[in-house]
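Visitor: Just so you know, the protein sequences line up as chains A and B, in that order. For the record, in the first sequence the residue sitting at position 204 is 204 according to this note's numbering, with numbers rising by one throughout. For the record, in the second sequence the residue sitting at position 108 is 108 according to this note's numbering, with numbers rising by one throughout.
The hints are simulated quantities; they were obtained by calculation from the structure and are not laboratory data. Hints may be right or wrong, so weigh each one.
[Unchecked claim] Beyond 12 Å from chain B on every Cβ pair, some chain A residues (computed):
| # | residue |
| --- | --- |
| 1 | T67 |
| 2 | R105 |
| 3 | N112 |
| 4 | A298 |
[Claimed, not checked] Some chain B residues near chain A, calculated using beta-carbon distances under 7 Å:
| # | residue |
| --- | --- |
| 5 | A253 |
| 6 | D268 |
| 7 | R282 |
| 8 | E377 |
| 9 | E381 |
All C-beta atoms, glycine included, are put in the ideal place defined by N, C-alpha and C.
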Amino acid sequence: MLGRSANGIFWLFRYLERAENTARLIEAGFRMALTRDSGAAGEEWGSVLTTLGMRAAYAARHGDDVTGHQVFNFLLRDRDNPASVLAMIELARTNARMVRTGITREVWESVNESWMILRDLLARPVAETRLGLVLDAIRRQATLVRGAMEGTMLRNDIYDFAGIGTFVERADNTARILDVKYYVLLPSLSAVGTSLDNVQWENVLRSVAGERAYRWLNAGQMDPRGIASFLILDRRFPRSLAFCYAELSGHMAYLAHAYGFETEAHEILRAKDERLAGLNIETIFDQGLHQFIGEFLACNHRLAQQIQRDYRFVE
Amino acid sequence: MKQNAAQSSGQSQSQGQSSSIPGYDEMLEADGSVRPAYAGYKQWLDAQAPGLLKRKGIEAEAFFRRTGITFNVYGAADAEERLIPFDSVPRIITAQQWRKLSRGIDQRVRALNAFLHDLYHRQEIVRAGRVPERLLRDNAAYLAQMAGFTPPGGVYTHIVGVDLVRTGEDDFMVLEDNARTPSGVSYMLENRETMMAMFPELFTRVRVRDVSDYPRRLARSLAACAPPAFSGDKPTVAVLTPGIHNSAYYEHAFLADQMGAELVEGSDLKVTGGRVAMRTTRGWQPVDVIYRRVDDEYLDPLSFNPNSVLGVAGIMDVYRAGGITIANAPGTGISDDKAIYSFMPEIVEFYTGEKPILANVPTWRCSEPDALAYVMEHLAELVVKEVHGSGGYGMLIGPTSSKKEIAAFSAKLLARPDNYIAQPTLALSTVPIFTKAGLAPRHVDLRPYVLVSPHGIDITPGGLTRVALKKGSLVVNSSQGGGTKDSWVLDD
Numbered sequence: 001m002l003g004r005s006a007n008g009i010f011w012l013f014r015y016l017e018r019a020e021n022t023a024r025l026i027e028a029g030f031r032m033a034l035t036r037d038s039g040a041a042g043e044e045w046g047s048v049l050t051t052l053g054m055r056a057a058y059a060a061r062h063g064d065d066v067t068g069h070q071v072f073n074f075l076l077r078d079r080d081n082p083a084s085v086l087a088m089i090e091l092a093r094t095n096a097r098m099v100r101t102g103i104t105r106e107v108w109e110s111v112n113e114s115w116m117i118l119r120d121l122l123a124r125p126v127a128e129t130r131l132g133l134v135l136d137a138i139r140r141q142a143t144l145v146r147g148a149m150e151g152t153m154l155r156n157d158i159y160d161f162a163g164i165g166t167f168v169e170r171a172d173n174t175a176r177i178l179d180v181k182y183y184v185l186l187p188s189l190s191a192v193g194t195s196l197d198n199v200q201w202e203n204v205l206r207s208v209a210g211e212r213a214y215r216w217l218n219a220g221q222m223d224p225r226g227i228a229s230f231l232i233l234d235r236r237f238p239r240s241l242a243f244c245y246a247e248l249s250g251h252m253a254y255l256a257h258a259y260g261f262e263t264e265a266h267e268i269l270r271a272k273d274e275r276l277a278g279l280n281i282e283t284i285f286d287q288g289l290h291q292f293i294g295e296f297l298a299c300n301h302r303l304a305q306q307i308q309r310d311y312r313f314v315e
Numbered sequence: 001m002k003q004n005a006a007q008s009s010g011q012s013q014s015q016g017q018s019s020s021i022p023g024y025d026e027m028l029e030a031d032g033s034v035r036p037a038y039a040g041y042k043q044w045l046d047a048q049a050p051g052l053l054k055r056k057g058i059e060a061e062a063f064f065r066r067t068g069i070t071f072n073v074y075g076a077a078d079a080e081e082r083l084i085p086f087d088s089v090p091r092i093i094t095a096q097q098w099r100k101l102s103r104g105i106d107q108r109v110r111a112l113n114a115f116l117h118d119l120y121h122r123q124e125i126v127r128a129g130r131v132p133e134r135l136l137r138d139n140a141a142y143l144a145q146m147a148g149f150t151p152p153g154g155v156y157t158h159i160v161g162v163d164l165v166r167t168g169e170d171d172f173m174v175l176e177d178n179a180r181t182p183s184g185v186s187y188m189l190e191n192r193e194t195m196m197a198m199f200p201e202l203f204t205r206v207r208v209r210d211v212s213d214y215p216r217r218l219a220r221s222l223a224a225c226a227p228p229a230f231s232g233d234k235p236t237v238a239v240l241t242p243g244i245h246n247s248a249y250y251e252h253a254f255l256a257d258q259m260g261a262e263l264v265e266g267s268d269l270k271v272t273g274g275r276v277a278m279r280t281t282r283g284w285q286p287v288d289v290i291y292r293r294v295d296d297e298y299l300d301p302l303s304f305n306p307n308s309v310l311g312v313a314g315i316m317d318v319y320r321a322g323g324i325t326i327a328n329a330p331g332t333g334i335s336d337d338k339a340i341y342s343f344m345p346e347i348v349e350f351y352t353g354e355k356p357i358l359a360n361v362p363t364w365r366c367s368e369p370d371a372l373a374y375v376m377e378h379l380a381e382l383v384v385k386e387v388h389g390s391g392g393y394g395m396l397i398g399p400t401s402s403k404k405e406i407a408a409f410s411a412k413l414l415a416r417p418d419n420y421i422a423q424p425t426l427a428l429s430t431v432p433i434f435t436k437a438g439l440a441p442r443h444v445d446l447r448p449y450v451l452v453s454p455h456g457i458d459i460t461p462g463g464l465t466r467v468a469l470k471k472g473s474l475v476v477n478s479s480q481g482g483g484t485k486d487s488w489v490l491d492d
């Protein structure tokens, strides 16, 4: 396959993943804001912006005025925001058009349809009463694309580059949420057992769609260490760092097998995956959660860069 | 850029609106009875519930939007992607009519290839005095880089679109030959898919010849022209597109997808080790046959336009050394030039030794004094076109022009007569379209697609029918209110 096509499919799935994750973050932020006073709500929306790395871009547009309506419209549809959900869906579609010959008709149509639906839904500013509807549509469309992908795509290198895009992005997203919220998970800094903690913890889980799975696994008991462990190390949870890296390892192994050679990216990945496998939550907390996440994000970025080089995404 | 089905030859037929021209009705006789070609269809149609066609039309549009069958409009940001309107009444050609048409097309395309070979070698036809030398001299479509070189398999025009118009029961004429990069074939294929999805039972009642294997035939035809440097069992074929912003990008992707070929851009390719190679995730891999949808001018910045980023630097050297096949061959534009067009009857006769089966549209070459005198006297009835013009620019449509416009144009014509040709305003045949008020006749043309390989000439039965949707209009161009129809050739 062409290097440019690998690049296109990689970014197609990164953008789709990021659009979906942005919707989940908005949803978690919205719920949190509903349950708290306006000052705390503003803080919550601020932390959503920080997680997405859009604090500065937002400030350039709206100044210090952080309100829910403005924040979610900025994140969903603002023409001045090149990383809005709408912009990402457009970019995803542009990439899908570019790699049209590498994807099935079902995958293409689901991406194209997602773009048509969201373009219409996001044509006007989104009111709070319509927010749920819009977020649902974003999640549903992402699910549709994923389904078309699983059901119709040949399991070849194209499929692997799609998976690599998805899981590089997802790992980055989960790590960012942990990075912004790590203090919530540090027992020493929170008044353990208060209802506020429970709400905060649940919200971290909600922003990665993990609240139900965690409650089910832990019989409803919330504890910060358990949550951190779940999001970082639990290979059963599809948005944990360990899960993402297991998937990445699988896709990279398929590529090495199909192509008959390994690359530098394989070495980076193997080192990281082995390290994750040897860790437990105690060692992470001993090292410092914040530092661990920082290193993880840097390594994830380096891995993505190396894959793009090794497989000649660009000249 | 002579790239877009929707936008190329229709413009040469941009003869404006003139409702005074009724045209041959392909469905109905003068007394309102149904012609044999449409008998089966009309019987089916009359049995359908009212409102069916309207409902199906809405379904078809939604289908096209979802599948992304759109064409891009340059410079229109908000409306970047538009649909070419599709009309659900088919255009029907009988088996007998098609036999004659395909014989004529076969003959004409054979002649075009022989003509190209001759032009780039001994120029016998010029020596014989059948085509004036001045038509080749100073003609930008003639590429000196092709002189003395024979493309792999001896094929110049791997894909040809022959634009036909009809003026009577047996009167089909060639309006234009498209020997560069004819487009629109994806509409031919998708229109059929759409019709079969909308009206499956119709196809069990009327036997229509299949078109769906066109991409396979194209792939086979291209592979049969592999260059001398190819070794192995299956040549690597790639479709070269200018990119996603090109108006016909959908078609480029569609054809690559259907052929199982890579869809490449200039930036994916480079010349290495005497071959043209594409950058793949495993390294550089040689390409054997390149189906380019990029104009000659942009193909190689070293040989042609130095500013082009759409092509591949050095590809012409590789080509001349037998390292790659380029389809269509560079320099084929000299054969579908409007000045050359008027010589096509002589060209066909010169190379095939036969009388042309398909007629040309009568054409006056203004370079000839007698013709010029006639044209000057009849400007109000004629269509006058620039010889090298395309895109409908610089032309006069007599019947729809004011006295003032005609006077201004005649000054230009007299200043440079050899820059113009003139043709009568044709009464194009009509086929009904579905309108709010029911069926109504509209003018049509037809572009069959022809594949050429060393094994022979392969014509897909049917082609693309373009239809002027405005009442009385003769403009089938999609950017000016034209649409398309499924084109049926009936099985015997």
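Visitor: For each hint, tell me whether it holds in the structure or not.
Guide: Cross-check of the supplied hints:
For T67 of chain A, the non-interface assignment is confirmed: its Cβ lies about 30 Å from the closest Cβ of chain B, beyond the 12 Å cut-off. Not every CB of chain B lies more than 12 Å from the CB of R105 of chain A, the least distance being 7 Å, so the non-interface label is violated. In this structure N112 of chain A is not separated from chain B by more than 12 Å, as the shortest Cβ-Cβ distance comes to only about 5 Å. Listed as a non-interface residue, A298 of chain A keeps its Cβ farther than 12 Å from every Cβ of chain B; the least gap is roughly 25 Å.
The interface hint given for A253 of chain B holds, since its Cβ lies 4 Å from the closest Cβ of chain A, which is under the 7 Å cut-off. Interface hint at D268 of chain B: satisfied, since its Cβ lies 5 Å from the closest Cβ of chain A, which is below the 7 Å cut-off. The closest approach between the C-beta of R282 of chain B and any C-beta of chain A is roughly 5 Å, which is under the 7 Å cut-off, so the hint is satisfied. Below 7 Å, beta-carbon pairs count as interface contacts, and E377 of chain B has none with chain A, the closest being about 53 Å; its hint is therefore violated.
Proximity of E381 of chain B to chain A is violated relative to the hint, the smallest CB-CB distance being about 46 Å (cut-off 7 Å).
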